Each structure stands twice: as structure tokens, then as C-alpha cells.
Amino acid sequence: MIEIQNVSKQYHTLKALDKISLTIPRGEVIGLLGPNGAGKTTLIKLIAGILFPSAGRIKPIDGAWPIIGYKPERLLFPNNLKVHQYLELVAQLSNIPRSQVIEEVNKSLKRVGLREAAHKKIKTCSKGMRQRLGLAQILIGDPPLLLVDEPSNGLDPEGQEEIVRCLHELHTAGKTIVMSSHQLAEVTEVCTQLIILNRGKVLYQNSMADALAVQAHTIIQVDRHLDGVSSLLQRLHPEIEVEGDTVVLSNEAMALRRQVLSLLLHTNFDVLRVEQKRVTLAEIYTEAMR
Amino acid sequence: MKQRIWSLTTFFLRNLFTSLTGLIYLILVLVYWYIFFPPEQGTPDYDNYVLIIGGLGAGLSFLVALSLAARANEAANYPFLVRLPSKVEYLTAVLLSTVLATTILQLLVALLALFEGPDMTLPLALDIPPVWLAVNVLAAVLALHASDFATAGWSRVYIFGILAIFLFGQNINESVTNWLAERAGRLGSFFLSRDIIALSDIMNTFSAWLMREGTETLRQLFGFIFWPFHAISEAIFQGFFNPTQALAPAILLLYATILFMLAADLFANKDVDFTE
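In order, the protein sequence lines correspond to chains C and X.
Under this note's numbering, the first residue of the first sequence carries the number 1, and numbering increases by one thereafter.
Under this note's numbering, the first residue of the second sequence carries the number 1, and numbering increases by one thereafter.
Below, simulated BS3-like cross-link-like pairs (lysine-lysine); rule was C-alpha separation at most 25 Å, straight line:
{"hint": "1", "chain 1": "C", "residue 1": "Lys59", "chain 2": "X", "residue 2": "Lys87"}
{"hint": "2", "chain 1": "X", "residue 1": "Lys270", "chain 2": "C", "residue 2": "Lys201"}
{"hint": "3", "chain 1": "C", "residue 1": "Lys19", "chain 2": "C", "residue 2": "Lys59"}
{"hint": "4", "chain 1": "C", "residue 1": "Lys15", "chain 2": "C", "residue 2": "Lys201"}
{"hint": "5", "chain 1": "C", "residue 1": "Lys15", "chain 2": "X", "residue 2": "Lys270"}
{"hint": "6", "chain 1": "C", "residue 1": "Lys82", "chain 2": "C", "residue 2": "Lys107"}
{"hint": "7", "chain 1": "C", "residue 1": "Lys82", "chain 2": "C", "residue 2": "Lys127"}
{"hint": "8", "chain 1": "C", "residue 1": "Lys82", "chain 2": "X", "residue 2": "Lys2"}
{"hint": "9", "chain 1": "C", "residue 1": "Lys110", "chain 2": "C", "residue 2": "Lys123"}
{"hint": "10", "chain 1": "X", "residue 1": "Lys270", "chain 2": "C", "residue 2": "Lys59"}
{"hint": "11", "chain 1": "C", "residue 1": "Lys123", "chain 2": "C", "residue 2": "Lys82"}
{"hint": "12", "chain 1": "C", "residue 1": "Lys107", "chain 2": "C", "residue 2": "Lys120"}
{"hint": "13", "chain 1": "X", "residue 1": "Lys270", "chain 2": "X", "residue 2": "Lys87"}
{"hint": "14", "chain 1": "C", "residue 1": "Lys19", "chain 2": "X", "residue 2": "Lys270"}
From the derived model, a few chain X residues whose C-beta atoms are all more than 12 Å from chain C:
{"hint": "15", "residue": "Gly117"}
{"hint": "16", "residue": "Pro118"}
{"hint": "17", "residue": "Asn204"}
{"hint": "18", "residue": "Ile225"}
No lab work stands behind these hints, which were simulated from the structure alone.
Since the structure is predicted, the reported quantities are computational estimates derived from the model, not experimental observations.
The beta-carbon is built from N, C-alpha and C at its ideal position, and this holds for glycine as well.
Using the sequences and the hints, build the whole thing.
Set out below in C-alpha cells:
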């Protein structure tokens, strides 16, 4: 959908982004991770067209720029408006015919669970409502590309869960989403692509499935030392490791867990624990930042 | 495009008139009316009526444009800006809302001033809108260039610097041109001492020209861009516009158009950094 080619962004003496090249494919949810000042917000603002690159270029892959829905990090709204008035204005700016504005606003309010608050003044809305209002406005006009900066910033766990649910629904509806977040659990749950930034550089980039599949392993713990069967087990696959009373199956060897379990049971071991372990996003993040 | 610009314009107008700033402007124009058109005294002169309310319009337009530019420059408006196919639509909405807000406030004073005011005939009344409108639009565009919202880099320094040079230039006097002529003469002597005859001749000719007729010519040259203002005030005092003077409001609008195109270019090509 969007291609970012060698993009750098310089603010006076600070290099916010340094020769970044990325592709944002259609229908993917891209999670931008990184510490404060890593360049996440700058990258989102560049895609939104709010900032211009100091070098490099950002271009749509298939010709025309898509309509963009953008939720900034800070929850700032024109406080003198009511919730529905704000969304009506966004709808009018999104080329929605006047006759369909109300319907579009109601649809987006329903989607984020804000219908009850439609006639509330924005200044009287809670933080959670404002966060949802931020999401409601990006849904107006059904833009194919959504840029969401810190979607659940400052929300309680329930609110965060709601945001995750909403983002899931949007992904299922085929939206392309670029989101930045400090919530690793949220990124793990929602994103299909992962980009870790620091000091304006991409440190890590992978699909979420591949990222989490790396170093996946199964642990089988039995009731006593495995000395007697360790050579038998290792003959099944070189990636089977035996350590005391524990068998660790890595990568392709994980497919052999039924055979390993059967062998252990036939040799009169009691299986105490079988655990499927995956690398966590926290581990990937820590590794990338090192 | 029309729907988007109009929606933003009404948003900015509503934003202004439902705020304390809007109330202050309203009080300000009522005070202005009370001072310049006291109801118990009456103001029968047509020229005073047009010029005093026109002056109010210019000043008000400048201030309202600054206020609206500051409001448009708020981070809460990022989602609006992102929705627009062109950033220029956003700038246009700020300009349009300025002109409308100023017109509303100016009309309020104009209507109030008609009580015990000049006898207004239709031909006289029809002369007024182009004059007020042209001045208001120009003042609004100048204010955009003065604001953080549309300015980029040193652009406002260049624009207002050039304006200041023209303002200074139209009031240039003999002592300034004599001083310039003396400097040009010295430069001519300097080039002569270095055997650069061609440049020396040019400097000496320029020095002689400055001494002979420089003051008046420079005054006319620098004053040329202010001609529409002189033409409008002359026409108002004489009570009608002759064909040449009738061009003056159009030329002011031309200035405004050029300056707005410059502002649009600056705004469309700069990093938008709204205040949070």
C-alpha cells in the first residue's frame, strides 16, 4: 500500500529518522515499538503527510494516496463540540454526502461503543471515552489506512481490552493499520508485522508469526533422571536435548513430541509437565534494544 | 472541496464566536462604534463613515486572522488536516472564516453607525463593499504571513521587511538621497582609483541622478504599490470613483491573491507542527 524509501527526518540537529526503508502491505497491522524518542510518532506523521521527509520518499505502491484516518498520541479535541458534532465535522471533511453523515457517525459510534455519549460535550468525556472517540473519528469514511499513535495510552485494563477488540475487528475488516505502542501485550495480540525502532533506525523487522515462532520449543518433564533413554531420544532428532529430568524439543523436533511422549511412557517414566514455550515479544524487544 | 472548506469555515467561526475571544471582539467593536459614532452626536459625513469603518475592518481583520490562525494551529485539528486532499483547503478555510467574522462585526458597526449617520443612497452604498472587502482580505492575508501558522522559516521577516522598505521608501527625503548620492560618488572615486572606469562611470551617473531627481523618482517608485490606498481615499473624499480609481480595490485583491498564493505554497510545503 505504501512504500517508504530511505526516509530520514532531521529536526535541526536531531536526526529523528535515519534512512528508513519499509513497505506497508495492504491488510496488515504494523506495530511500531521502541522507547520514547525512537521515531515512532515521526514515522506516523510522515505517512500521514503532516511532516515531510528531509531525505528519501514515501509513496503509494498502487498509484493514488489512500484516504487516511489518523489518531494522534495526545487525546486533544475541540472541547466546545459535542461528540456527534465532532464526528459530523470529520464526516463532512471525508466527502461523505450530507444525507449520509448522521448514519456514518452513528455507525462509528456504535462500533466503538460510544452511542450513549453522542450528545455529551467532549470536555466532559472521560479519558477512556476520549480514546474511543479518537478511534471513532478514524473509522469515519471507511479509510483503508489507519494510523494509530498509542491507541490505549492511559487506559485501564478493561479499556485496553476494548481497544484491542476494536483493532482486531478493523483488521478482520481488511484495514491496513500502522500503530505505535508501548503495550507489548497489545502489539502481540493485534499486529501481524513488527518493527522495532530506536534512535531513528529500524532495529528489527519481521512478521509477528515468524518473530514469535523463532526459538519455539516444547519442554517435557518426567519424574526421574533420563540417563537411560537420552541416547534413544537424541537418535530421534538432533534437536532433542536431554537435561536431567527434562527433554527439550526445538524447531523441527517439536513435531516429534507424540513419539517422544510415547517412548517415555513405554519406558515407564511418569510425565509431570508438557509445556509449549514461545519466545515473548518482551524477549525480542530486549534482544533488539541490546 | 466546497463542502470541506465550508465545514471547516463554520467550525472556525463557531469556535471563535463561542469563545471569550469572540466576546472580546464584540465588545471591542461596540466600544469603537460608541467612540467614533456616538449616538447622541451623529456622524453625517459619508467619507468619515467609509474610512473609519474601513479602518476598523482592516484592523479587525488582522486581529481576527491572528486569532483564527492560532486556533487552527492547535493539535486537536490534526485529524481534520489529514482528511483533506490538500492542505491549502485548510488555509483557505482560515482565510474565509476571517473574512466572514470581520464582515459580521464590521456590518454590525456599519448598521449601528447609520443611526444619526450619513444619508445613504444606493449608488453610495454600492461603492462601499468592494473597498471594505478588498482591504479586509489584504489585511487577513498579511496577518496569515505574520502568524506561526502559515509562516515558514524566515518568510515573515522577508515579507514584512520588504513592506517596511517600501513604506520607508515612499517617505524618502532629500537628506537620505543626498547621503546615498554621496556614498555612490565615493564608490565612483574608489573604482576610479582602481582603474575600473566602467563601474566608476555608472556610480557617478547614479550619484548625479540621485542629486538631480532621485528623491521624487524613488518616492514614486516605492509609493507605487501604495497607490490603491491613495486612490481609494481620494475617491471616497470626492464622493465617487473615477474609472482609474475604480481599479484600486481590484489591485488590492490582486495583492491579496499573490500573498495568499505565497502563504499557501509555504503552508503546503512545510512540516505542520500544531501546538499541543
